[in-house]
Amino acid sequence: MKLSVLLFAAAREIAGCESVELELPAAATVAQLRVALLHTFPTLAARTGILLCAVNNVYASDDRVLQASDVVACFPPVSGG
Amino acid sequence: MKLSVLLFAAAREIAGCESVELELPAAATVAQLRVALLHTFPTLAARTGILLCAVNNVYASDDRVLQASDVVACFPPVSGG
Amino acid sequence: MIELTQQPIDFSTLTESVRSDQAGAVVLFLGTVREFTGVARTSWLEYEAFPEMATAAMQRLEAEVRQRFNVVEVAISHRYGRLELGDIAVAAAVSSPHRAQAFEAGRWLIDTLKESVPIWKKEHYADGATEWLHPEPVMGSRPEAAIPVASTFMSESSPEIVPEA
Amino acid sequence: MIELTQQPIDFSTLTESVRSDQAGAVVLFLGTVREFTGVARTSWLEYEAFPEMATAAMQRLEAEVRQRFNVVEVAISHRYGRLELGDIAVAAAVSSPHRAQAFEAGRWLIDTLKESVPIWKKEHYADGATEWLHPEPVMGSRPEAAIPVASTFMSESSPEIVPEA
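Chains as they are written, first to last, in my numbering: chain A, 1 to 81; chain B, 1 to 81; chain C, 1 to 165; chain D, 1 to 165.
Since the hints were derived computationally from the structure, they do not count as laboratory data.
Among these hints, one or two may not hold up.
As the list claims (entries may be wrong) - Example chain C residues on the side facing chain B (calculated, C-beta under 8 Å, incomplete):
{"no.": "1", "residue": "V39"}
{"no.": "2", "residue": "F50"}
{"no.": "3", "residue": "F69"}
{"no.": "4", "residue": "I110"}
Using N, Cα and C, we set each Cβ at its ideal position, and we do this for glycine too.
With the sequences and hints as input, model every part of the structure.
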């Protein structure tokens with residue numbers, strides 16, 4: 001399935017785009033999405049440290065199974081306030 | 001010496017006046033003032049519980065020696081805020 | 001900024017007065033007139049002040065909060081006279097570089113104010129009864145050194161307040 | 001009241017929105033843009049938000065603060081975009097019957113917001129350098145159960161973020 005991943009803050013700047021389209025197997029997990037993302041942008045992990053993932057506006061753990069309709073975002077730890 | 005004592009809140013209401021003039025020996029202490037005040041208004045202690053005393057806008061202990069020029073006030077524990 | 005007033009408190013101006021480029025955090029506390037205390041229904045409140053001493057006590061509080069905490073600015077306003085339900089009785093604001101300090105200083109400030117500033121409130125209940133309120137028991141930070149003379153006085157002088165026979 | 005905005009925050013209206021006859025205490029927290037962090041001098045800040053999730057996360061925070069604390073009303077406003085020195089980045093207000101609860105709820109609210117709401121700030125220093133900020137270490141109350149999925153995620157997933165060789 002194709003999934004579009006939204007990127008924010010340092011992750012967005014390092015990737016150079018606000019979102020990226022990834023090709024994933026059906027029923028892929030967040031862990032697999034993470035691997036595919038870092039494969040596309042190898043510098044992302046080294047430069048941003050830990051990356052958080054959210055699915056449909058809620059933080060998601062690595063074993064979360066994805067669907068083609070999910071809104072997925074990856075970003076560094078938050079620093080608002 | 002004559003000393004005028006300001007009264008507030010329940011102390012003022014029970015005494016029925018905003019201040020009272022007491023006759024005290026020279027170099028009287030706050031403790032002596034307290035005795036004279038309760039002699040004048042015997043119901044004060046029973047009705048207000050503990051009475052605080054302030055001299056020149058600062059809380060005063062019982063051994064504080066008074067002067068005729070001091071501004072003295074007696075009142076119940078505070079309950080502002 | 002220290003204020004004792006019979007007019008409604010403008011918490012917006014008070015809060016603006018503590019904002020600063022040197023502070024990353026502002027904490028404002030408002031004490032307002034609550035309708036119910038348990039089952040007792042308040043109709044309105046009367047605050048009585050000893051104005052000269054209350055102002056002096058609030059000025060001492062400002063100096064002490066600056067000495068005890070890393071604060072940039074401090075402002076306190078206390079109202080007295082007749083207050084209706086929902087009215088603001090007291091507003092206290094502090095600014096500080098970081099939020100932990102701002103919360104600690106704000107909490108200490110209002111706790112200590114309620115223990116030391118000579119203002120009293122009289123409840124006027126909906127059933128027509130009235131009552132001078134006793135101070136609340138203090139929860140949390142106790143200002144051990146804030147009013148040492150008063151504390152000493154309160155413990156030492158207890159035997160003295162029994163009226164002479 | 002939950003708000004995510006690019007306009008200046010009106011803390012006065014926000015605070016008014018939590019006042020209530022049922023509350024005796026209001027605590028407002030403002031996070032403002034500070035000029036100095038140590039020796040580093042900030043010129044301005046850029047806040048980036050993931051707006052849909054940030055709004056949803058603030059709504060979850062409001063629900064959770066109501067569940068955890070005895071609060072009457074809650075309001076949160078977070079600004080994003082370019083902020084100048086002294087500008088208000090976040091305002092959070094709670095009202096509660098008593099002040100201890102109001103301080104505790106206000107502190108928990110801002111601590112948890114800073115850990116969980118997807119907003120990031122980028123420092124623009126006076127010397128021209130820029131830097132995405134890392135989250136501050138949390139002092140005081142730690143919201144163990146506030147974002148359990150995120151916490152689980154953050155600990156479990158660490159091995160996963162090493163790029164594949």
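Against the structure, the hints come out as follows:
1. V39: Nearest chain B Cβ about 20 Å off; hint violated.
2. F50: 5 Å, holds
3. F69: 19 Å, violated
4. I110: This interface hint holds because 6 Å falls under the 8 Å limit.
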